[in-house]
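Q: Given next are the chains, with one letter for each unit.
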Amino acid sequence: MSATNPIVDERANKTKTSFLSELDIDPITFSVILNRFSTIAREMTLTLEYTSWTSILALARDFSCAIYDAEPRQVCMEDALPVHTNSLHVILKSMVKAFDGKVYDGDVIVSNDPYSGNTHVGDFVTATPVFYEGKHMFWAVTKGHQLDCGAYEATSVAPSAKDVWQEALQLPPIKFYEKGEPRDDVINMYLANVRYRELLYGDLKAQLGSIWNGKRRMIELVDEYGPEETMRYVEAILDYADRRTSEEIRAIPDGKYFGEGWIDSDGSGNTDLKVCVSLSIKDDQIHADFAGSAPQGSGGTNGTQGVMEASAGIPILCAIDPEIPHNDGCLRHITCEAPEGSIVKAKYPAATAMATLCPAGQEQEVVWKALAQAAPERSSAGYGGFHCIPSISGVDKRGEEEKEWAAMFFNGGSGGGASKNADGWPLIMTSSGMGGLKIISAEMSELLYPIMIDHHEIETDSMGHGKTMGGAGIRIKVRPYDTPMACHNTGDGCSNPPFGLLGGTPGIGGGNFRENLETGQRDFCSAKGYMEIKPGEAWVGVSSGGGGFGDPLEREAASVCDHVRDGIISMETAKDVYGVIMNSDTYELDDQATRELRENKRDSREPLKDIQPTRPNAGTWAQENMKEGEQFLLDPLP
Amino acid sequence: MQYTLGVDIGGTFTDFSLINADGEITLWKEASTPKDPTQAIKKGVQALADLGDEPLSEFLSKLDLFVHGQTIATNTVIQRNGPKTALLCTDGFRDIIHFRDGFKPERYNIQLQPPEDFIPRYLRLPVKERVNYAGEIQIQLDEDSVVKTIETLKRENVESIAVSFLWSIMNSQHEQRVKEILAEKLPDVPVVLSSDVLPMIREWERTTCTILSAYVLPGIAKYMVELQDFLQENGFRHPMLVMQLNGGTSTVAKVIQKSINSLASGPAAAPMAGLYCSKRIDIDNVITVDMGGTSFDVSMVTNGMPSLTRDLKVHGMPVGVAAVDVHSIGAGGGSIAWIDKGGALMVGPQSAGAEPGPACYGQGGKQPTCTDANIVLGYINPDFFLGGRRKIDPELSKSAIENYIAKPLGMSVPEAAYGIFRIINNNMVDAIRVVSVERGIDPRHYSLVSGGGAGNIHAGMLGRTLDMTKVIIPRYSGVFCSFGMIVSDVRHDYMQALATNTDRFDLEAVNGVLKDLEDKAIQEMVEEGYPEGEVVLERFADAKYPAQIHELTIAVPNGAPLRDTDIQKMSEAFHDLHERMFTYSVRESSVDLFHWRVVAHRRVKEPNPFVSKEKSTDINDALKGERSVFFGDINDYRETPIYDGDRIPKGLAVKGPAVVEQATTTIVIFPGQSLESNEFGDFVLNL
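Chains A and B are the protein sequences, given in the same order. Quick note on our numbering: the first sequence kicks off at 10 and runs consecutively. Quick note on our numbering: the second sequence kicks off at 3 and runs consecutively.
These aren't lab readings, by the way, just hints derived from the structure by calculation. It is possible that part of the hints are untrue.
Calculated Cβ distances over 10 Å to all of chain A for the following chain B residues [stated by the list, open to error]:
hint	residue
1	Q81
2	V149
3	E161
4	D190
5	S414
6	D508
7	K652
Keeping only pairs whose Cα atoms sit at most 30 Å apart, straight-line, the calculated DSS-like set for lysine-lysine is [to be verified]:
hint	chain 1	residue 1	chain 2	residue 2
8	A	K429	B	K343
9	B	K281	B	K64
10	A	K406	B	K546
Note that CB positions come from ideal geometry on N, CA and C, so glycine has one too.
So that you can see chain A by itself, here it is in the shape it has in the complex:
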């Protein structure tokens, strides 16, 4: 019976050249060990999430966990934040180098050093080696974004910091534990140099608990299979991902593809800074060269090696089969470079505090654009900048005791780009975050911090349009309860909005302003910069939706009617962009009129643009929304 079954035959043929059988690997043990590593990484993640003390880790989940072998090569990551997990190896390699030959069982090495391969100073890395019978086998590693890192201002992402000494206490690879003993003097020195000492101590414990838990489980795993057999399977797991990635990349046409985009500003008043990439795809290797990008900025808006490696990798990992396990086997197919002293790779001692937000967003954006020329169906429309996510802080006087408070406020984050088969999601917050960050409920926010949220809704017409639509942008209005609130804008992408692909339109870009609630006077502000919000004033952010994908005239007309009925897009947009006519009371589709309008539009319009916009400063949101007498503040300083 089976001989005549084509499905069986096809499968049998396909797996005759099975990767695993070539490697002489038992496919059953392989599956068991592969799953076990994922379970361990997941357990590390849960430990960190449940035990940390700040909302940025416990609620927003701005952290990641991963497992490396001794070399170190990535064996397994929990799919947390792409910008972390695709670059953790860079800092870990520096740790290995720094303590070459002096790594002991029971050590904990930490670092936040951007010039040792970390993403930016806000990200704090803890790593512990896993020894088995005296042999170093693995690393358990976490990276968590700290609420504070000892910058000259109360933010861990200071756009205005001039150099490494202003942006943070720098921690090159350093041991917090040696041979199981805490180095209390060193830990104390660290805590003495950061704000909210108690909270950060809680978060440090959570990051330690996570790696210790990972270590415990890895030892159990090696106990079960023995060190040699375990490593044989680790090798197979990497090879397996390697070969599957290779197969996927070979399916993308070879060539050299170019992408360019612009950063709004560097935090010091310099605008429209170019980021560009030349993406070479050959066989199963992809190389991203960011040469031609603008020189480094004078503030904290600068890239690091870590962020560059992540940014080159993220769009590629999204372009291959999502079922391929993510580890060194995928990452080894992607290399990158940038001239030192450029905005993508700043030269010491330039500040890079903003790196994971900006230029990360723009670096990924240009890789998406280049990839779209090679294989649009595997790429995505633009994700836009990471904006309307201020660091807010102040003094809480509501209780009996006054206390300092601070939060990274993700609730107004930007939407995601559309892909060939899916609309974008809201709150994706660039492909650095890719929806891995959670928002904090309005009620929790108002309980924890002395603020009131007056508005938190979808912004009509904020997304790019297309056959598939970008995720919606958000309008959010936050005012201080009864004490002034410091508000550090740390974003980008307002005046350079997320791009539309294959005829899709860009997102709006968006922006933010301070509003006097009595007079209605508004002060608009660039995506970066500092504003104080006093009682009686509010901060209002309008984030961009993601870019659209494909011809808007091909979007299903009935769904356009639903979007108008729901206030996601306006009646004008439905008509002008989507060519859809409907009854203005019932939102019922006028099929005939729509067909005619769409036909007319198709005949009379210019050819669809593959990518738009293609020039800097294309965002018009601020100009359209500002009234006479209102001012625009570019990168205002504290």
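Go by the hints and put chain B onto chain A.
A: Just chain B now, with coordinates in the frame of chain A:
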């Protein structure tokens, strides 16, 4: 005590477990009738009456307890065939359900379409009002804006309404007033308030809970009232009880008030069934597993209390209320074995289900399943599948494994079958690990209770891999959940928010809250017909370190009003729990307390325990024969004794390797393990 009856509606069958005064159980199955589920129940009770040669009215009049588990509410949500539902929300916050928690699963899958909003945006209607975190009114309710929503509700023919305002947990005046206005203007449309169903901080969870409540309410109310009327008109003399997702039962009237509790209630009875069997042999820490055709459910009982969670989601939406913590993965008898693109062997989560079923059914299922592997390995007796009621063809199992797995991977058929067995075991072990470790529990200190027909082939291996010492296999393991319903307490949960801290503890206010909740609990239990003396009240609170975000639920001293000395006790309880879960505590810190909870139980009268009458003293009396069974230790088949499970006498051990067969289940005893039947007829597998 005469009869107790548990009735559980499943996708394919409606299960009936009837227990008589001697503790003997009668099992009955009717094909479910999804269009009108009461039809199957009416047929089933008639059949049970016929079995005892009694008229229906006499049979029903002898019933002391009728407990019902249903999937109507869950199916309404999944199939989206409920009433047209609208949400009234605070102005400026229409998109709470669209934004969710902002989290996107499958980060790298850019082709994943975002979820559709459960209520479309045009039916999410803003009302001008605002309360702050302290419960103070910042913006008075604008009744004109309510009247405006009513025009829309009428125009759109809305059939059910959810109302969820920000901070209504601290001050519900506005929600209450809106309900009054709606009752006047739209008297026939049910209205559910968030402050009634889930007075808990975090607006997304509370709003989705309110929406789901409003969505399932009309259907559930109609169905349950109709069924109860039928039973009572035909002789049943008590209120019908309904299984709830919190692991307790409730009267129909009460579950209509909190319709959210009728969702996902099916598997919630499993831990109660597990506890019932374990506690009579003095074990009160158990992990219950229930392996069916498509899924494997794990739940946990610690110190005699089932683990509850507030993170349960239905259709991607959090329910928010306390629910029995059932972790479910796609691993069942029907799980399909396949080879991925890279040549790795995988099992599940896809299932062949009942149609076409495993390859051995010969119903067109070509791909091999877990059941097919178990047949090839000799664990399942092809002539005695489901007690011999279903004919299966072992050759089909063999060729499916050969063609799809063994040949492509270059292995023998038994090797491939044993590979499938190992992988599905590994998936189940990982599921148990995730659940226990997430709760800070070390599974080695727990016993496994294995229910469901398919699970007992694997249970011995799961327990061994997890380093456990005992697996309990209940006598009723084939009808685990419908049995669990009979032994579940009547249970209601009450909650109120009040923020305080152990350093500045507001004793008076807390005692006020606890008294209000307990008075309400007693009053409602009495209204349901239970004497006050039979009601047990327990207090809990949600606690955290002041700067911390996630809360832990701790027990609060019961009984008298709290005194100064109790504050220290609660503080210690929190530090201890924190240390156990997360490896550390901060003893010098004060503790924040926020939600106060009261749980009211009314203990159910348990059915009389079954007592085994088997008198034999020779284990060989239960021997049925021998067959070739595959075991991993020798990596080969060996001739293995097969026993009749119904004839294993009390106190005698069956030593592994062996297989024990019953009509509804098969137990595999691996080498080094032994199986005993205890005095209640349950099996205990010593690992």
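Q: Give a verdict on every hint.
A: For each hint, the structure was consulted:
In this structure Q81 of chain B is separated from chain A by more than 10 Å, as the shortest Cβ-Cβ distance comes to about 20 Å. No Cβ of chain A approaches the Cβ of V149 of chain B within 10 Å, the least distance being about 20 Å, so the stated non-interface status holds. With a minimum CB-CB distance of about 19 Å to chain A, E161 of chain B clears the 10 Å threshold, and the non-interface call stands. Distance to chain A confirms D190 of chain B as a non-interface residue, since its nearest Cβ pair spans about 24 Å, more than 10 Å.
For S414 of chain B, the non-interface assignment is confirmed: its Cβ lies about 13 Å from the closest Cβ of chain A, beyond the 10 Å cut-off. Every beta carbon of chain A lies more than 10 Å from that of D508 of chain B, the smallest distance being close to 12 Å; the non-interface claim holds. The Cβ of K652 of chain B lies farther than 10 Å from every Cβ of chain A, with a closest approach of about 37 Å, so its non-interface assignment holds. Among the hinted pairs, K429 of chain A with K343 of chain B is consistent with the structure: their alpha-carbon atoms are about 23 Å apart, no more than 30 Å.
A threshold of 30 Å between alpha carbons decides the hint, and for K281 of chain B with K64 of chain B the separation of about 28 Å falls inside it, so the pair holds. At most 30 Å may separate the alpha-carbon atoms for a hinted pair to count; K406 of chain A and K546 of chain B meet this at roughly 21 Å.
Against the hints set out earlier in the document, no violation occurs for any number.
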